[in-house]
Amino acid sequence: MKSRLLWLVPVAALLAAPAAMAKTVKIGFVTTLTTGAAVIGNDMRDAVELALEDIGHKMGPVDVEVIYGDDEFNPQKGKQKTEKLIKRDNVDIVAGYIWSHVLMASASTVLDAGKILISANAGPSQLAGKGCNKNFFSISWQNDQTPMALGEVLNQRGVKTLYVLAPNYAAGKNMVAGVERTFKGKLVGKDMTKWPTQIDWSAEFTKVKAANPDAVFTFYPAKHGPAFIKQYQQAGLTGKIPLYSVYTVDSIGLPRMQQAKMEGVLGTFQTQFWGPDLDAPQNKKFVDGFKKKYGKYPSFYAAQAYDSIFFIKSAVEAVNGNVSDTAGMRAALEKADFPSVRGKFSMGKNHFPVQNFYLREVVVDKDGNWTTAIRSTVYTNHADTYGKDCKM
Amino acid sequence: MNWILLAEQFLNGLQFGILLFLLAAGLTLVFGIMDMVNLTHGSFYMLGAFFCATFAAWTGSFFIGVILALPVTLAAGLFVEFIALRTLYERDHLDQVLATFGLILFFNELVQVIWPLDGLSIALPKYLDGAVSLGLGVTYPVYRMMIIAVGLAVALGLYLLVSKSRIGMLIRAGASNRVMVGALGIDIKKLFTLVFGLGAALAGLAGMMIAPILGATSGMGEQILILAFVVIVIGGIGSIRGAFIASILAGVIDTMGRSFLDVFLLTFMPANAAEAAGPALSSMLVYILMAVILFFRPQGLFPPRSG
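Here the protein sequences come in this chain order: Y and X. Residues 16 to 407 (the numbering used here) make up the first sequence, in order. Residues 14 to 320 (the numbering used here) make up the second sequence, in order.
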């Protein structure tokens, strides 16, 4: 009799296991870990790992497990990986997403499952406006905001004529719409190039030269950035027509540009919500920790990824580890009450941050490395323009 | 539209066409003579760029990088031909496409294993890294001028090789009737290997030439490979002359489309419609060109005479 019931022991153990496992909060993190754009994804993963170390892999009473998904820089693959995270890995929260088109393809998978989705980079206008969702949060920015700040900078600097060059996809269109909204001068030319395949701008630069504008505005993320700057220099435009960019020159591309001696990038301006030299206690901890662990400057992608872990932590702690309490977590996320690398900021009604934007210049730091320095504050507590269309 | 802009855009088109030609020349020979669809051609373009960037970084000189990378790319081509492609000549095109597509995936992963994920850049000497005035108000990047010069020199060299030398005679003979060349006692296998190596080196040279502009990145070969196939189909498969003319044609039309199509559309379309239609239509132009040419000349512009 006794031996007959022995099989019950492992069964009981198995049945008990899920209860024990519920003490872990599972976060799915979708980013790009293959293709050339993997340098961005790796930077984000580095930051997530650093953040996990800094919080001792604990959020309040529960342990944290992060499962990465590789979107392969492709909307279909991004959606597949998101489905896998939701259905197979059964994650509690999904975060990440570099690319607006990947996020747009994947968002409904998470939101239809009733789970919380946090964008650590992409900020397409659709999700900020009419398509906003109670369970969607951005820990970065809405795409238009950074170029809007840049448009203000152009006005302040007396730029009268502008030429715009950007890739023809969701984020590219948002960036151009942003700068067009605030720039008061005249747009003398605009080229939207095929994304991500076109990486040679010979024809476009010749048009820029012929139009001879006061300034050029551009947005080319990932490996396109260094190639753009390089060809700009080779076309003889560097030093003749000032270049203003958003998300084109970052801490990932700068070491490579330095190695290729692309001096044309020094002294160019960009706008951003953050910078490695931004004065906030959490930022000092993050930048110093990142440089110590990985021996390089963190990119803004890394800053957002780092913030997203602390952001999630504030929500998990608010519900005391009971992550099935989505409403409780949502209420906590709406307060944005956590130490952020950008200092104190608030969450807008559409769940996008209301925050400052700064003008940054590419400079050489005291160790001889190329980085950016904050020059002025362009916007204080800026909310995006799509929020008014958001009903929730 | 002023003529300085037109002249500079023509130079841009010419430079792009020349680059396409370097790639298409090898492709058309391999396809024409061996009847082999070789998608790996794009990988040699990529390997050339990576080898050159590596050697340039070691030696500190772009030119020494090119000189060292050429034989290495050639050797890589011969090696791939020897271990993998040689068995495929007798198979049908679908098998060749599958196998060489597999090689593309292999090489794309391989360069990511060996080199940094975001690829490599090449620093150019100062005198190549700017623009030069060509008189009459036309200025043009020095380095792109050099690409045009190198491409024209290669075209001339290939012309002399193919139409004036004994090897060239065999290549031409091979393109029109393979079996007969073999029957006349020529070692067709050796000829194939030679042609393949030459094609790989030319593709590598194209990669080396473009690397200082675009950088060397994994997967850089595929995009341009499609255009190179379009070019050899337009030019007539197996014809170097056809590949040259079709490359220049495709390069100039593509560039002109990107430059002037939106302005042209604006003359009879509302601004936002032209803005949307311009980029879409200009990326189709080369394919439209191919369709038109194939309609009138199904064998391409210069089909090799075959018996």
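One should not assume that every hint holds.
[Unchecked claim] Here are the simulated lysine to any residue pairs, SDA-like style, with alpha carbons at most 25 Å apart:
| # | chain 1 | residue 1 | chain 2 | residue 2 |
| --- | --- | --- | --- | --- |
| 1 | Y | K255 | X | V145 |
| 2 | Y | K276 | X | F277 |
| 3 | Y | K224 | X | L118 |
| 4 | Y | K205 | X | F277 |
| 5 | Y | K406 | Y | F360 |
| 6 | Y | K311 | X | V145 |
| 7 | Y | K209 | X | I77 |
Derived from the structure by calculation, the hints contain no laboratory data.
Handout entry: Numbers of unmet hints, in rising order
Key = 2, 3, 6 and 7
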